[in-house]
Amino acid sequence: MFGLTNPEIALMMMGIFLFLVLLGFPIAFTLLAMGVAFGYYAYYNPETMNTIFDNRVFDLVVQNTYSVMDNHVLTAVPLFLFMGYIVERAGIVAKLFFAIRLASYKLPASMAVAALITCTLFSTATGIIGAVVTLMGLLAWPAMVKHGYDKSFASGIICAGGCLGILIPPSIMLIVYAVIAQLSPLRLFAAAMLPGLLLASLYITYAIVLAMIKPEVAPKPKAEEIPATSVIVKEVLLSFLPLFTLILLVLGTILAGIATPAEAAAIGAFGALVMAYFYKTLKWESFRESVFLTAKTSAMIMWLFIGSWTFASIFSYLGGHEIFEHFFKSIDIEPWQFLVITQIIIFLLGWPLEWTEILIIFVPIFLPLLKTFGIDPYFFAMLIALNLQTSFLTPPMAMSAYYLKGVQKKNVELMEIFKGIMPFLAIVIFAMIILYNFPGLATWLPEKLFGN
Amino acid sequence: MQFINNYIKFCESLSTWVGKGFAWCIVILCLGTVYECTMAYIFNNPTLWNFDFSLQMYGALFLMSGAYALAAEAHVRGDVIYRLFSVKTQASIDFVLYFLFFFPGIFALAFAGIDYAGNAWKSLETSWNSPAQIQIYMIKTLIPTAGFLLIIQGLSEVARCVIAMKTGKWPERLADVEETEKILMKKAEKGEEIKI
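Each protein sequence line maps, in turn, to chains A and B.
Okay, so the first sequence: first residue is 1 according to the numbering used here, each after it adds one.
Okay, so the second sequence: first residue is 453 according to the numbering used here, each after it adds one.
To be clear, the hints were calculated from the coordinates, so they are not data collected in a lab.
Cβ atoms here follow ideal geometry from the backbone N, Cα and C, with glycine treated the same way.
Keep in mind that a hint or two might mislead.
Said to hold, decoys possible - Ranges between beta-carbon positions, derived for each pair:
| hint | chain 1 | residue 1 | chain 2 | residue 2 | range |
| --- | --- | --- | --- | --- | --- |
| 1 | A | A223 | B | P498 | 56 to 64 Å |
| 2 | A | V340 | B | K618 | 45 to 53 Å |
| 3 | B | T541 | A | F287 | 36 to 44 Å |
Unchecked claim - Subject to a maximum C-alpha distance of 27 Å in a straight line, what follows is the list of computed DSS-like cross-link-like pairs (lysine-lysine):
| hint | chain 1 | residue 1 | chain 2 | residue 2 |
| --- | --- | --- | --- | --- |
| 4 | B | K574 | A | K95 |
| 5 | B | K638 | A | K371 |
| 6 | A | K146 | B | K642 |
| 7 | B | K638 | A | K410 |
| 8 | A | K409 | B | K618 |
| 9 | B | K472 | A | K95 |
| 10 | B | K461 | A | K95 |
| 11 | A | K151 | B | K472 |
| 12 | B | K461 | A | K146 |
| 13 | A | K409 | B | K639 |
| 14 | A | K409 | B | K634 |
| 15 | B | K638 | A | K283 |
| 16 | A | K283 | A | K95 |
| 17 | B | K472 | A | K410 |
| 18 | B | K472 | A | K419 |
| 19 | B | K540 | A | K283 |
| 20 | A | K222 | A | K106 |
| 21 | B | K634 | B | K472 |
| 22 | A | K419 | B | K461 |
| 23 | A | K95 | B | K634 |
| 24 | A | K409 | B | K638 |
| 25 | B | K639 | A | K283 |
| 26 | B | K574 | A | K283 |
| 27 | B | K461 | B | K472 |
| 28 | A | K146 | B | K472 |
| 29 | A | K234 | A | K151 |
| 30 | A | K151 | B | K634 |
| 31 | B | K639 | A | K410 |
| 32 | A | K280 | B | K461 |
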């Protein structure tokens with residue numbers, strides 16, 4: 001066509017696609033239609049054709065759809081979403097924050113630490129960033145500011161803490177990544193444990209150290225505000241322990257290799273329902289809403305898979321992947337340079353796009369190159385997972401800042417939030433540097449648990 | 453104009469109704485898997501059917517919610533630039549792109565899906581995932597069904613574009629459940645009191 005070679009057409013396909021993404025058309029359907037159109041061209045063979053519908057691309061579309069349906073790992077996605085929506089709508093977060101806040105009052109910046117731990121646990125259970133940031137923005141943010149915390153500092157805590165859910169297992173993002181990269185979800189969960197905890201503890205350390213150096217950003221609670229120890233113990237037992245146990249159960253059975261992610265997710269969702277029943281906080285209406293939201297979000301993720309698998313198979317049939325491979329080989333770079341380049345690209349893509357699109361569409365382009373450069377796929381996955389945190393935190397398109405601003409319109413300026421996010425953004429990059437220098441953080445636990 | 457409005461309302465109600473109906477598959481999927489875990493890990497007597505059963509519940513769930521998600525604007529779009537345009541420009545872009553980059557893919561899926569499901573029905577195909585050999589022609593039938601639902605809903609989206617191009621205003625969508633962050637941000641916007 002127009003004297004172009006197949007790989008050039010593949011590049012054109014990617015170019016048109018990027019243009020359409022910027023125009024704002026729903027991505028799943030764009031991918032599907034482009035896959036069909038370019039596939040029709042790629043498989044076009046006038047000799048074997050009786051009607052215009054004799055083209056292999058039509059079989060390919062349906063088969064790709066069926067392989068999304070036939071993927072047992074992906075069944076965990078709606079189940080984890082369901083668990084998340086139940087936890088989110090069952091009023092568990094308020095109890096959790098209150099309990100941890102009481103338990104941690106002795107620490108410097110105790111409320112910030114409590115907010116971070118709540119965010120970590122809560123986002124581990126839900127995995128939905130917007131919900132965590134808005135709920136905590138309404139709950140922990142005013143509480144911190146009322147006690148004289150610096151607004152920027154409080155904002156940074158909420159925005160950064162809310163994003164941890166996509167990194168710390170069991171996270172939906174990691175399941176999606178496992179399917180894309182054809183890695184074992186169990187190993188990927190194990191690989192993410194240490195980097196996830198590292199990032200969370202770096203955040204907490206930062207909050208504590210800052211409060212020790214500059215006590216005015218995070219004043220200590222007054223003596224009369226601290227309740228008796230018995231009250232604290234009771235709150236922790238009633239509010240913190242159930243959710244914590246549920247998360248440990250879900251995560252533990254997966255990491256111990258007892259249950260598949262889907263089974264653990266189903267138990268988690270069921271456990272969340274039981275918990276909500278005992279707290280008497282889940283209304284029938286909220287339950288129905290959770291069911292419907294699960295369907296909508298699952299449809300969004302899975303149709304993206306249908307589209308991107310069709311698109312990707314045509315793209316690589318036309319030789320698109322080879323172009324990238326040739327390119328990276330021809331510029332003669334070291335593995336570390338390859339890592340830096342890919343991470344910068346992912347970082348930049350995080351500006352206009354969300355993690356779903358980045359993972360499903362762009363990460364597959366880099367994956368075949370890992371072998372060429374001898375990079376451990378789990379290590380690479382962790383760098384990307386850390387990097388995707390930044391896509392929610394980097395101004396001007398920091399989604400988590402907008403969520404917080406959305407619920408605290410009159411009380412905080414966007415610039416104050418951005419200012420508060422900056423140190424946390426630096427911590428994420430610092431965590432990436434640590435991980436880069438100690439890849440064992442990502443590879444040690446999976447090997448320990450599941451062997452080579 | 454009235455006819456177009458009625459058509460839009462009809463399509464959205466249909467997509468939403470079907471999507472919400474199949475949404476309950478998640479509850480069945482959850483309970484089925486919990487049952488399987490209980491049988492397998494406590495009674496040491498795993499079921500033969502749950503592997504296929506859970507796949508089919510999951511497949512039905514997302515396939516049949518595709519049109520619902522379209523009607524509720526839940527499919528992701530990179531709208532960084534898009535939202536800066538005027539409504540008329542947005543509608544004209546969408547109008548053209550629906551014909552170029554929506555219908556070709558969905559038509560291919562729907563019509564190729566008919567053959568695919570037809571073959572499954574002809575041989576009364578069963579799954580080879582487990583010795584239970586559960587039928588899979590029903591779930592394969594959902595592929596073209598989901599495709600046609602999307603075509604119907606897609607036409608309604610085109611109709612919305614036509615109205616928006618004429619009036620400069622997007623027609624209201626059916627009220628639907630929203631994500632927590634959207635609800636909270638809307639309430640904060642209106643200055644309502646929020647209970648958590």
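For each hint, the structure was consulted:
Against the hinted window of 56 to 64 Å, the Cβ-Cβ separation of A:A223 and B:P498 comes to about 57 Å, which satisfies the hint. Between A:V340 and B:K618 the Cβ separation comes to about 51 Å, which falls inside the hinted range of 45 to 53 Å. Between B:T541 and A:F287 the beta carbon distance is about 41 Å. The supplied range of 36 to 44 Å therefore holds. Simply put, B:K574 and A:K95 have alpha-carbon atoms about 56 Å apart, too far for the 27 Å limit, and the pair is violated.
The hinted pair formed by B:K638 and A:K371 fails the criterion: a straight-line CA distance of about 48 Å is larger than 27 Å. Under the criterion of a C-alpha separation no larger than 27 Å, the hint pairing A:K146 with B:K642 is consistent with the structure, at around 22 Å. About 14 Å separates the Cα atoms of B:K638 and A:K410, which keeps this hinted pair within 27 Å; it holds. At most 27 Å may separate the alpha-carbon atoms for a hinted pair to count; A:K409 and B:K618 exceed this at roughly 34 Å.
Restraint check: the Cα-Cα separation between B:K472 and A:K95 comes to about 31 Å, which exceeds 27 Å; the hinted pair is violated. For the suggested pair B:K461 and A:K95, the alpha carbons sit about 41 Å apart, so the restraint of at most 27 Å is broken. A distance of roughly 42 Å separates the Cα atoms of A:K151 and B:K472; the hinted pair therefore is violated under the 27 Å criterion. In summary, the hint linking B:K461 to A:K146 is not supported, as the alpha carbons are separated by about 47 Å, beyond the 27 Å threshold.
In summary, the hint linking A:K409 to B:K639 is supported, as the alpha carbons are separated by about 11 Å, within the 27 Å threshold. For the hint pairing A:K409 with B:K634, the CA-to-CA distance comes to about 14 Å; that is within 27 Å, so the pair holds. Our distance criterion of 27 Å between C-alpha atoms is met by B:K638 and A:K283, whose separation comes to about 21 Å. Our distance criterion of 27 Å between C-alpha atoms is met by A:K283 and A:K95, whose separation comes to about 17 Å.
A distance of roughly 37 Å separates the Cα atoms of B:K472 and A:K410; the hinted pair therefore is violated under the 27 Å criterion. Restraint check for B:K472 and A:K419: the C-alpha separation of about 42 Å exceeds 27 Å, so the hint is violated. Using a Cα cut-off of 27 Å, the hinted pair B:K540 and A:K283 is violated, with the two alpha carbons roughly 41 Å apart. Restraint check for A:K222 and A:K106: satisfied, since their Cα atoms lie roughly 11 Å apart, inside the 27 Å limit.
Between B:K634 and B:K472 the alpha-carbon distance is near 20 Å, which keeps this suggested pair within the 27 Å criterion. Only pairs whose Cα atoms come within 27 Å are accepted, and A:K419 paired with B:K461 is rejected, the gap being roughly 46 Å. A distance of roughly 22 Å separates the Cα atoms of A:K95 and B:K634; the hinted pair therefore holds under the 27 Å criterion. Proximity of A:K409 to B:K638 is assessed by CA-CA distance (about 11 Å); at most 27 Å being required, the pair is judged to hold.
Of the pairs offered as hints, the one joining B:K639 and A:K283 holds, with about 19 Å between alpha carbons and a cut-off of 27 Å not exceeded. For the suggested pair B:K574 and A:K283, the alpha carbons sit about 46 Å apart, so the restraint of at most 27 Å is broken. Taking the CA atoms of B:K461 and B:K472, the gap is about 16 Å. The hint holds against a cut of 27 Å. Of the pairs offered as hints, the one joining A:K146 and B:K472 is violated, with about 42 Å between alpha carbons and a cut-off of 27 Å exceeded.
Taken as a hint, the A:K234 and A:K151 pair is broken in the structure, with Cα atoms around 31 Å apart against an allowance of 27 Å. Taking the CA atoms of A:K151 and B:K634, the gap is near 23 Å; set against the 27 Å cutoff, the hint holds. Annotation: proposed proximity of B:K639 to A:K410 holds, straight-line Cα distance about 13 Å (limit 27 Å). For the hint linking A:K280 to B:K461, the alpha-carbon distance of about 37 Å lies beyond 27 Å, and the restraint is violated.
Checked against the numbered hints given earlier, the structure breaks hints 4, 5, 8, 9, 10, 11, 12, 17, 18, 19, 22, 26, 28, 29, 32 and satisfies all the rest.
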